[in-house]
Amino acid sequence: MLRRALVSGLLLLTPLTYSAAADLWLHVHVDEGKNGDQRVRVNLPLSVIEQVIPMIENEHLKGGKVAMPHLSDQSIDLPALWQAIRDADDGEFVTVESTREVVRVAKSEGMMLVHVDGDGEAGGARVRVTVPLPVVDALVAAGEEELDLMAAITELKSFRGDLVTVEEDDSRVRIWIDDRQESGR
Amino acid sequence: MTRPAAIALILVATVTAAGATTAATTAVALYGGGSLSVEVEQKGDDPLSLRFSVPAVALGPAMDWALTRWQPDPTELPEGLDGRWLAAAKQLIRSLEGAPDGVLVQVEDGSDSVVVRTSSGELIVDVSSRNERVRVSLPLRLVARLFERIDSLDLPSRGRA
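For the record, the sequence lines run as chains D and S.
Counting from 1, one number per residue, gives the positions in the first sequence under this note's numbering.
Counting from 1001, one number per residue, gives the positions in the second sequence under this note's numbering.
Keep in mind that the hints were calculated from the coordinates and are not lab data.
Hints may contain errors.
Under the rule of at most 25 Å between Cα atoms (straight-line distance), these lysine-lysine pairs were calculated in the DSS-like manner [unchecked claim]:
#1 107/D - 157/D
#2 157/D - 1090/S
#3 157/D - 62/D
#4 1090/S - 62/D
#5 1090/S - 65/D
Derived DEER-like restraints, expressed as beta-carbon distance ranges [unchecked claim]:
#6 1050/S - 79/D: 51 to 61 Å
#7 66/D - 1107/S: 20 to 30 Å
#8 164/D - 1132/S: 27 to 37 Å
#9 1132/S - 93/D: 51 to 61 Å
#10 164/D - 1127/S: 21 to 31 Å
#11 66/D - 1153/S: 27 to 37 Å
#12 79/D - 1105/S: 29 to 39 Å
#13 1050/S - 182/D: 26 to 36 Å
#14 1098/S - 40/D: 17 to 27 Å
#15 40/D - 1132/S: 13 to 23 Å
#16 172/D - 1153/S: 37 to 47 Å
#17 93/D - 1130/S: 46 to 56 Å
#18 1131/S - 74/D: 50 to 60 Å
#19 1039/S - 74/D: 54 to 64 Å
One-sided excerpt, in silico: chain S residues whose CB lies under 10 Å from chain D [what the hints assert, rightly or not]:
#20 1088
#21 1100
#22 1102
#23 1109
#24 1110
#25 1115
Where a beta carbon is used, it is the ideal one built from N, C-alpha and C, also for glycine.
With the hints as extra help, turn the sequences into a complete structure.
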């Protein structure tokens, strides 16, 4: 009897446990100062972001979409450009080397990667941006003149890990997604 | 025990039970919707410890009364009170009501810190420095009601009038 009651109780708790684990959080950490004594931590549930973004309206953002009119002005067909990259094999697409930094844009194992490596002596930044391909798919699906931010956020719900890290002198920025509310890392 | 003493004891017990029930019912009615709580602690040469709590049920009408009499100067009207940002703010509060509890924002600069978090339907803001600590907590529903009222008043147009 006791065993049956325990099993029933556990079965009842299972959906609650699953629901709690399914809540994803976007974390932003900013640390500044030699001892990291200036710190900013932002933790937002993706579900909240998903519900608030469509309500924000300004000259650039409306209905969860970001207007990019200058792209068509410059005859850039973003969806077509993206499709060409999407269809290509993994590899490095862009490399820009200057005296201050090296910028690389690559596609690798289902991710778009942007790496910026500054010259250590010149004090440049080290930047890592990782975006899953389905997120970019969703972002550019809205057409030539806008980016579908809402669709991209929806796609991000199946991603866990670092999106952006920036390290420069005494500053560090990290943006990532996981299922933990506390951003202790 | 004599019969009159027993009757007196029963009467006292009945009155006490009725009083406790009334107090509990009143407390639930007053604080069931949460309350705005403010705690201030100040150390140093001029120490201060201040704590007060106002039930949301009482604060709501007071807030409504104050807002209906507010005639803002259009030049001083906060930018966020136009309809565009208000809609997003309302949605943010509604979403937070359904979201898991946790620390939303934490800013630290040396010994100064600001923490904004949600807990059991309350929005809690902690501000602390070397000599001061302030905590404000208020029900998310009260914040939602504030935004609803501001929206319904159409303050930007009243300010322009």
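Taking the Cβ atom of residue 1131/S and the Cβ atom of residue 74/D, is their distance within the range 50 to 60 Å?
For residue 1131/S and residue 74/D the Cβ distance comes to about 56 Å; the hint holds.
Between residue 1090/S and residue 65/D, does the CA-CA distance stay at or below 25 Å?
holds, 20 Å
Check the following: the C-beta atoms of residue 1132/S and residue 93/D are separated by a distance inside 51 to 61 Å.
holds, 54 Å
Is the shortest C-beta separation between residue 1110/S and chain D less than 10 Å?
holds, 6 Å
Satisfaction of the hinted span 13 to 23 Å by the C-beta atoms belonging to residue 40/D and residue 1132/S:
About 21 Å separates the Cβ atoms of residue 40/D and residue 1132/S, which means 13 to 23 Å holds.
For the hint on residue 1115/S, does the least C-beta distance to chain D fall short of 10 Å?
Holds. Min distance 9 Å.
Given the hint that residue 1090/S pairs with residue 62/D, does the C-alpha gap stay at or below 25 Å?
holds, 17 Å
With chain D as the partner, please determine if residue 1109/S meets the hint condition of a C-beta pair closer than 10 Å.
holds, 5 Å
What's the verdict on residue 107/D and residue 157/D, does the C-alpha distance respect the 25 Å limit or exceed it?
Satisfied, since the Cα-Cα distance of roughly 20 Å is no more than 25 Å.
Does the alpha-carbon distance linking residue 157/D and residue 1090/S stay inside the 25 Å limit?
This hinted pair holds, its Cα atoms lying about 23 Å apart.
Agreement of hint residue 1102/S with chain D interface, Cβ distance less than 10 Å:
holds, 4 Å
Using the C-beta atoms of residue 164/D and residue 1127/S, is the stated range 21 to 31 Å upheld?
Since residue 164/D and residue 1127/S have Cβ atoms about 29 Å apart, the given range 21 to 31 Å holds.
Hint violations for this structure: none, all hints satisfied.
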